[in-house]
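From these two lone chains plus the hints, build me the complex, please.
Chains as they are written, first to last, in the working numbering: chain A, 1 to 150; chain B, 1 to 142.
Be a bit skeptical, because a hint or two may be false.
With a Cα cut of at most 25 Å, we get these calculated SDA-like pairs of lysine to any residue [stated by the list, open to error]: (1) A/Lys-113 x A/Pro-75; (2) B/Lys-4 x A/Asp-34; (3) A/Lys-141 x B/Leu-53; (4) A/Lys-66 x A/Arg-145; (5) B/Lys-108 x B/Asp-9; (6) A/Lys-24 x B/Arg-25.
Think of the hints as simulated: they come from the structure by calculation, not from any bench.
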Amino acid sequence: MALDQSFVGRTYPPTDPYEVGREKIREFAEAVGDTNPAYTDPEAAKALGHPDVVAPPTFVFAITFKAAGQVVQDPQLGLDYSRVVHGDQKFSYVRPVRAGDRLTVTSTIEAIKSMAGNDILDIRGEVHDEAGEHVVTAWTKLVARAAQEA
Amino acid sequence: MTAKIAYDDVEVGTELPARTFPVTRATLVQYAGASGDFNPIHWNEKFAKEVGLPDVIAHGMFTMAEAIRVVTDWTGDPGAVVEYGVRFTKPVIVPNDDKGAEIEVSAKVAAKLDDNTVRVDLTATSAGQKVLGMSRAVVRLA
Numbered sequence: 001m002a003l004d005q006s007f008v009g010r011t012y013p014p015t016d017p018y019e020v021g022r023e024k025i026r027e028f029a030e031a032v033g034d035t036n037p038a039y040t041d042p043e044a045a046k047a048l049g050h051p052d053v054v055a056p057p058t059f060v061f062a063i064t065f066k067a068a069g070q071v072v073q074d075p076q077l078g079l080d081y082s083r084v085v086h087g088d089q090k091f092s093y094v095r096p097v098r099a100g101d102r103l104t105v106t107s108t109i110e111a112i113k114s115m116a117g118n119d120i121l122d123i124r125g126e127v128h129d130e131a132g133e134h135v136v137t138a139w140t141k142l143v144a145r146a147a148q149e150a
Numbered sequence: 001m002t003a004k005i006a007y008d009d010v011e012v013g014t015e016l017p018a019r020t021f022p023v024t025r026a027t028l029v030q031y032a033g034a035s036g037d038f039n040p041i042h043w044n045e046k047f048a049k050e051v052g053l054p055d056v057i058a059h060g061m062f063t064m065a066e067a068i069r070v071v072t073d074w075t076g077d078p079g080a081v082v083e084y085g086v087r088f089t090k091p092v093i094v095p096n097d098d099k100g101a102e103i104e105v106s107a108k109v110a111a112k113l114d115d116n117t118v119r120v121d122l123t124a125t126s127a128g129q130k131v132l133g134m135s136r137a138v139v140r141l142a
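Same shape as in the complex, but just chain B (with noise of 0.2 Å):
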């Protein structure tokens, strides 16, 4: 594992850029396609007004996987994730129109752990409203 970042160059709080994340129906049809989710709250307004939901909504998972692109794009290497664990806490909702939703992630050093590893904890909103709870990776450093 080669990660580029250094543990003896952060420090708790030390923030990972953040990231906007775009999310439209098509993203949701393509993330179904290759994780094998066809749940029709994903992609069936119909469907998914008919269970009690506002609208489609973005796979939890698809919101996990984009979150944690902020701490790998920060390390460089997908390989220095030693844990990363996640509440789904709101849907991302995702309207039929050219804009879609967005997901805003951001992320921090909370603390710096054991064989240079950190706590990274993570931030996710849409349409202002917090979707992911306690989101945290740990990960291994250079």
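This is chain A alone, in the form it adopts within the complex (with noise of 0.2 Å):
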């Protein structure tokens, strides 16, 4: 059943801060295998400008695409999230993720489009810091897929 387009535009209340901490982004950088010591030495980063570690650039998809559970699992939206696909995904820097922020994600439904018997949901997360400055924005694709016919 196609999704009620009145969502569309609808924002979702902002998520508890999460913090970013240097050890977790070690782990995530050496789970994709990138030794980049700007991710794991604070030396390094500070050498590029940064104040501390940075976290490699999908790092923060984490964080957002948890905040978009808000927006997946709405009962009034009722998505069917076992026949969820990830479609696209991009993200807009200000700046790098950092060890440190606290940062929180407002959700907000972008679109909802009905193509042959699939929902296709368009969520954008904005990313702020503990001071209320913009970090990163996140637009998540999600293409739920027709339910087969009994």
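So this is what it looks like as structure tokens:
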């Protein structure tokens, strides 16, 4: 069943802050096999002009996708998450995420489309730091594949 | 931000050093833990097949993380990435053997933009299939 178009433009309350830790960044960098010292060595990060180690560009997805759970699991929206696949992903950075950041995410439904029985949902996550400064915006396109007819 | 590549030294068509990234089942388990994405299609072959996949597949976000390494290795400073977007076109299929799969990534400068930024277009393939589409980054150079 097509999703309710009236949800387009709906913004959900900001999440509680996520505190970015040096060791979490290290764990992520190791998981993707990336040895760039800016992710693990505060001095190397400072030499590049950053106040502390920075996170790899896609690290913030773990935070924004968790925040998007408010949308995905909104019973009023009624998305069938068991049929959802990740269609597109985009980030626009004001600055890199770094250790010590306390980040909140505000999720907004940007678009709802229905194509060939698939529901397509575009969610924008605006990420701000503790000072209220904008850090990064993440756009996530989710596709809920059409249910098989019985 | 202090990218080690100068804007004036690149032109449209400049190729970035290509890379091949291996991915095994162990890689996926490690990425699941680090990213918090425990969807069983990324580690449970039985589950993956039940939902119609040929085998366990890599996290799309893992592939996205690997592809941008071609850019961040080139610039040196990960903070040089201003924008990055991809479309997940085909899954990276990861068999349960010693070898796993490989993700091959190439990239080139597609446009020179304002404020010392360039657009880099990325190509990512695995087993001959294009796994990312519309894969583009905007990067600020020195």
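Comparing the hints with the structure gives:
1. A/Lys-113 x A/Pro-75: 18 Å, holds
2. B/Lys-4 x A/Asp-34: 18 Å, holds
3. A/Lys-141 x B/Leu-53: Within the cut-off at roughly 20 Å; holds.
4. A/Lys-66 x A/Arg-145: 21 Å, holds
5. B/Lys-108 x B/Asp-9: Holds, at about 14 Å.
6. A/Lys-24 x B/Arg-25: With a Cα-Cα distance of about 21 Å, the restraint between A/Lys-24 and B/Arg-25 holds, given a limit of 25 Å.
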